[in-house]
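The sequence shown begins at 130 in the numbering used here and counts up by one.
Worth flagging that the hints you see were computed from the coordinates, not collected in a lab. Using N, Cα and C, we set each Cβ at its ideal position, and we do this for glycine too. Hints may contain errors.
Stated by the list, open to error - Taking CB as the label site, the calculated pair distances span: (1) Asp231 / Val327: 12 to 22 Å; (2) Ala203 / Gln376: 27 to 37 Å; (3) Thr187 / Gly402: 41 to 51 Å; (4) Asn433 / Gln229: 49 to 59 Å; (5) Pro436 / Lys398: 17 to 27 Å.
What the hints assert, rightly or not - Each computed BS3-like pair below joins lysine-lysine, with the alpha-carbon atoms no more than 30 Å apart: (6) Lys415 / Lys450; (7) Lys523 / Lys385; (8) Lys471 / Lys443; (9) Lys490 / Lys539.
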Amino acid sequence: MKKISKMALAGALVVSINGAALVSPAFAKKKEEASNAPTISKEVRDNFIAAKAALDATPKDLPKAEASITALDAAAKSDYEKYIATSLRLALVSAQSASQTDAQRAAALAPLLDALIANPATPKNEVAIRTNERAGLYFTQKQYAQAAAGYQKAKDLGYTDSDLLLNMARSKVEAGDVEGGVAALDQAVKVEEAAGRVPPEAWYKYAFTRLYKAGKDEAGDAWTAGWLSHYGTKQNWRAAIYTFGFQGPNAAKYSKNRVDLFRLMWATKSQAGQTEYLQYADSALKVGLPNEAKVVLDEGMASNAVPATNVLGKELAGLAKTGIAGSTPAATKEKNAQAAAKGDLAGQAGDAYFGSRNYTKAVEMYRLAESKGPTDADRNSLHLGMALALSGDKEGAKAALAKVASEPNKSIARLWQTYVAAPPAA
């Protein structure tokens with residue numbers, strides 16, 4: 130038997146588990162600790178050196194590595210010698226399993242990780258790493274409860290990684306505990322924010338995606354708001370609006386409210402091109418706002434987003450012109466609204482002014498409608514909040530939007546509240 134330092138065992142192997150490069154095993158220690166290093170046999174040492182050389186070769190000599198590691202397995206007697214043998218076997222199996230399925234890889238790697246975790250000679254920091262890797266294998270095999278427990282144990286052992294908390298949440302969610310998983314992620318967000326750090330964008334995307342899928346729209350909206358507050362690019366605003374109201378089951382849910390979502394897309398400057406301009410104009414026409422349709426088309430053509438020769442654009446412009454000719458001017462609607470006993474005419478006047486981008490007059494009319502009592506108080510409050518937001522009165526907008534109590538206006542109000550609190554980044 131011979132004492133040999135961990136450093137003398139050639140440092141570290143690089144093992145890839147679940148696509149992540151990890152250093153293994155943690156052989157190295159300070160030179161001054163070499164005298165306290167474990168004792169290993171010459172046979173173990175020689176086979177280690179031969180196996181590592183084969184694994185480090187370009188290309189790797191896997192048959193030679195296999196032979197040396199098999200001999201090392203047979204020669205290993207102490208916990209430390211078994212630790213060396215298992216670590217090398219892990220490197221070999223990882224290299225051999227590169228083309229295998231997840232199930233095959235898990236079957237090959239899991240017992241080796243279990244052995245390293247259980248071996249008292251495995252350094253504590255490496256036990257944490259291996260525990261995290263083992264949890265990843267549980268996850269790939271859809272053993273989500275075991276994965277969640279494994280990630281938690283890795284965390285308790287001191288493992289830190291940018292994906293750890295997300296993986297913990299994903300495991301709980303996939304195990305059926307959507308609220309518990311998202312709550313765990315929410316706690317992690319609070320920790321990051323308290324430390325002055327911006328939580329990873331992936332956390333938000335995962336949370337609101339899973340919540341919407343589970344039908345928990347209000348909770349999903351809250352995570353969407355958090356995402357846009359930290360990552361409110363124009364592209365993300367557009368994606369949020371489309372996901373919210375234009376895709377899947379929500380496309381039907383918000384079919385009568387599309388114009389309010391296009392207005393938000395316009396406010397966030399997240400319209401990507403002619404499609405959004407044309408759809409916005411079409412939506413405005415469908416709810417009886419030809420003046421707004423004209424404004425939108427004029428803006429699109431002025432910015433060259435909508436070519437003047439666009440056939441649909443010209444058709445919509447013609448419909449807008451006809452609609453304007455046959456509708457009551459906003460000033461007349463305002464006069465009629467002031468004389469009316471109920472607030473509905475005032476709300477219509479507010480919509481007309483809103484469509485022409487005259488938000489000051491729109492606010493005045495929505496306030497008048499509110500005082501007289503509109504048939505749809507929620508919709509009036511939503512439009513009042515939108516007009517206040519676009520006129521620059523953030524506090525007034527927050528107060529008006531907070532009054533919206535019923536769906537689908539309430540959900541749209543929440544999205545507008547996010548805009549008021551955190552306008553898109555430049």
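Tested hints:
no. : hint                        : result
1   : Asp231 / Val327: 12 to 22 Å : violated, 32 Å
2   : Ala203 / Gln376: 27 to 37 Å : violated, 60 Å
3   : Thr187 / Gly402: 41 to 51 Å : holds, 49 Å
4   : Asn433 / Gln229: 49 to 59 Å : holds, 53 Å
5   : Pro436 / Lys398: 17 to 27 Å : holds, 20 Å
6   : Lys415 / Lys450             : holds, 14 Å
7   : Lys523 / Lys385             : holds, 26 Å
8   : Lys471 / Lys443             : violated, 38 Å
9   : Lys490 / Lys539             : holds, 24 Å
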